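J.: Sequence:
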Amino acid sequence: MGEDGHEPASKRVISDNVIFASVVVGLEAFFLIIYAIWFEFVTDPVDAAKEVVFYPFFRDICIMIFFGFGFLMAFLRRAGFTAIGYSFFLAAVVCQYSIVLDHFFFELGDNPTFSHRRHVGVENMLNGLFCSGACLISFGAFIGKISPLQLLVLIIVEPFFYWLNFFIGYIKLEAVDIGGGMFIHTFGCYFGLAACWWLTSKKTHGHPDNCSCYSSDVFSYAGTLFLWMMWPSFNGILGADAQEQNRAFFNTFISLCASTAATFVVSRLVSGHRFDCVHIQNSTLAGGVVMGVAAGLDMHPSAPIGIGFVTGVISVLGYKYLTPFLSRFGIQDICGIHNLHGMPGVLGSMVAMWATLGLSYDSNEYEELFPRGRGQAGIQAAATAISILLGLGSGFFCGFLMWLVGKLNPIKRADLFNDRDNWHLPSDYEYVVVKDEDDNNVEMEDMNGVSGSHIRALKNKQVGKVVPAEDGKAPKYSRTGTVMVDGRDSDSDSD
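Numbered per the working numbering, the sequence shown spans residues 5 to 499.
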């Protein structure tokens, strides 16, 4: 055993590392072969020019996927490397994989013989980022609870079902979803929640590292701000023409502004007259999600204000009341994806159904505006239902596979929600600074590695309450010096 009471990496089950390396190398070899025999660059200068136009938007969405999502999920006080690193790895692999699946499903609809070489360009890279976004949303439900090998299961399984859902809803049904409200946010959320059920156990509840600290919350704010600023590009890039893109940019931005205002109002009302970082980091973005489906529709300019404000209210209330409720039923939603992506995504679909019923359009314009004319509202409802049901079913299947893979090398409770088990750590990682009775800084070893008797000896030096733990188990202690319940302060709601 090591000095910290953990088994050295060299003595762990070697198959975990070998399987991880073998699968990743195998995937890269597979991509290399498929790209070599199936893809080629655009040769027509006109078509190439059309691809290049997408690049500024591609850059914005790259920032969202590779920076925004990773830093948003870096709120866990001791899992910053995991949040940013796993997100980086996931997006890099999924983007390559998604381009293969993109062409597979489009060929399935156009040329089932797969006899044509396909052109690749910036638009395919964008689709890869969108698929990565759905996977990152799902990952947020169980961040801190999975190993690298379990992450690989998610990387392999979810993109296939993402593209299957896209094939059914967009290619076959011709549903409208300019910003991925159904195909990215709704599908990714319910996929993650279903998988999360398999990855939640008694040892994941009440964990002392399932919380944030001041610096980790600041990093998470950085992710929020980058996502917030780039979201209009995310929703508007696939607009059919300049008019639709202009509407998407405006509707998304105004909806984000309104949801931000609502978040600050409601957060203070339900959080003991103080703002809650969890709400500000997440619910402010709900206005972008709700516009995912309907951003390009010809709504009145006042509509996104009302829609965004209502969505911000719903999202905050979800974080406050719904997340703890779901946790009682084994759905421990770590990032609260149901409040940021699930409910706003479904609400956005309802907005699109309302708009396509003809309330915003002259009846003679149906055929011109929508692929399915007067039946478009029904198509939107069907595509939403399929996204939810397919997300739940495929997520449950993926979660089961991840649970099985986790049996190879089970994660110890002390290694949940932190970076110890899979990262080389800096010298200051194992120490925390607390205040003594005279308000002086006292540096002490991280409580995860401290025995119950040691905790009792230190108890008089702590500010607030400490729950003594049995030897070898982590105590429940928060950065605010109060008892922790499921990663939140037990008395955080008091005035």
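Because the hints were derived from the structure by calculation, they are not lab data.
Quantities reported herein were computed from a predicted structural model and do not represent experimental measurements.
Quick reminder that beta carbons are idealized off the backbone N, C-alpha and C, glycines included.
Honestly, I wouldn't trust all of these hints.
[What the hints assert, rightly or not] Using 20 Å as the maximum straight-line C-alpha spacing, the simulated EDC-like pairs for lysine to aspartate or glutamate come out as follows: (1) K411 / D20; (2) K207 / D425; (3) K206 / D221; (4) K206 / D419; (5) K54 / D221; (6) K324 / D221; (7) K176 / D221; (8) K54 / D245; (9) K324 / D425; (10) K54 / D64; (11) K411 / D432; (12) K416 / E111; (13) K207 / D419; (14) K54 / E127.
[To be verified] Label pairs and their in silico Cβ distance ranges: (15) N426 / I38: 37 to 45 Å; (16) L273 / I160: 41 to 49 Å; (17) I38 / P60: 26 to 34 Å; (18) P60 / D302: 21 to 29 Å.
J.: The structure should be examined with respect to each hint, and the outcome stated for every one.
T.: Right, here's what the structure says about each hint:
A C-alpha spacing of about 10 Å is found between K411 and D20, which places the hinted pair at or below 20 Å, so the restraint holds. Only pairs whose Cα atoms come within 20 Å are accepted, and K207 paired with D425 is accepted, the gap being roughly 16 Å. Straight-line distance between C-alpha atoms of K206 and D221 comes to about 26 Å, which puts the hinted pair past the 20 Å bound. Annotation: proposed proximity of K206 to D419 holds, straight-line Cα distance about 14 Å (limit 20 Å).
About 40 Å separates the Cα atoms of K54 and D221, which puts this hinted pair outside 20 Å; it is violated. Of the supplied pair hints, the one linking K324 and D221 holds, its CA atoms being roughly 18 Å apart against a limit of 20 Å. Among the hinted pairs, K176 with D221 is inconsistent with the structure: their alpha-carbon atoms are about 43 Å apart, more than 20 Å. A hinted pair counts as satisfied when its Cα atoms are at most 20 Å apart, and K54 with D245 qualifies at roughly 13 Å.
Taking the CA atoms of K324 and D425, the gap is near 31 Å; set against the 20 Å cutoff, the hint is violated. Between K54 and D64, the direct Cα distance comes to roughly 18 Å. Compliance with the 20 Å bound is thereby established for this hinted pair. Only pairs whose Cα atoms come within 20 Å are accepted, and K411 paired with D432 is rejected, the gap being roughly 31 Å. A distance of roughly 45 Å separates the Cα atoms of K416 and E111; the hinted pair therefore is violated under the 20 Å criterion.
Between K207 and D419 the CA atoms are separated by roughly 11 Å; this keeps the pair inside 20 Å, and the hint holds. Among the hinted pairs, K54 with E127 is consistent with the structure: their alpha-carbon atoms are about 9 Å apart, no more than 20 Å. Here the CB-CB span from N426 to I38 is close to 29 Å, at odds with the stated 37 to 45 Å. The beta-carbon spacing between L273 and I160, approximately 44 Å, falls within the hinted interval of 41 to 49 Å.
The supplied range of 26 to 34 Å is met by I38 and P60, whose beta-carbon atoms lie about 29 Å from each other. The hinted window of 21 to 29 Å between P60 and D302 holds, with their beta carbons roughly 25 Å apart.
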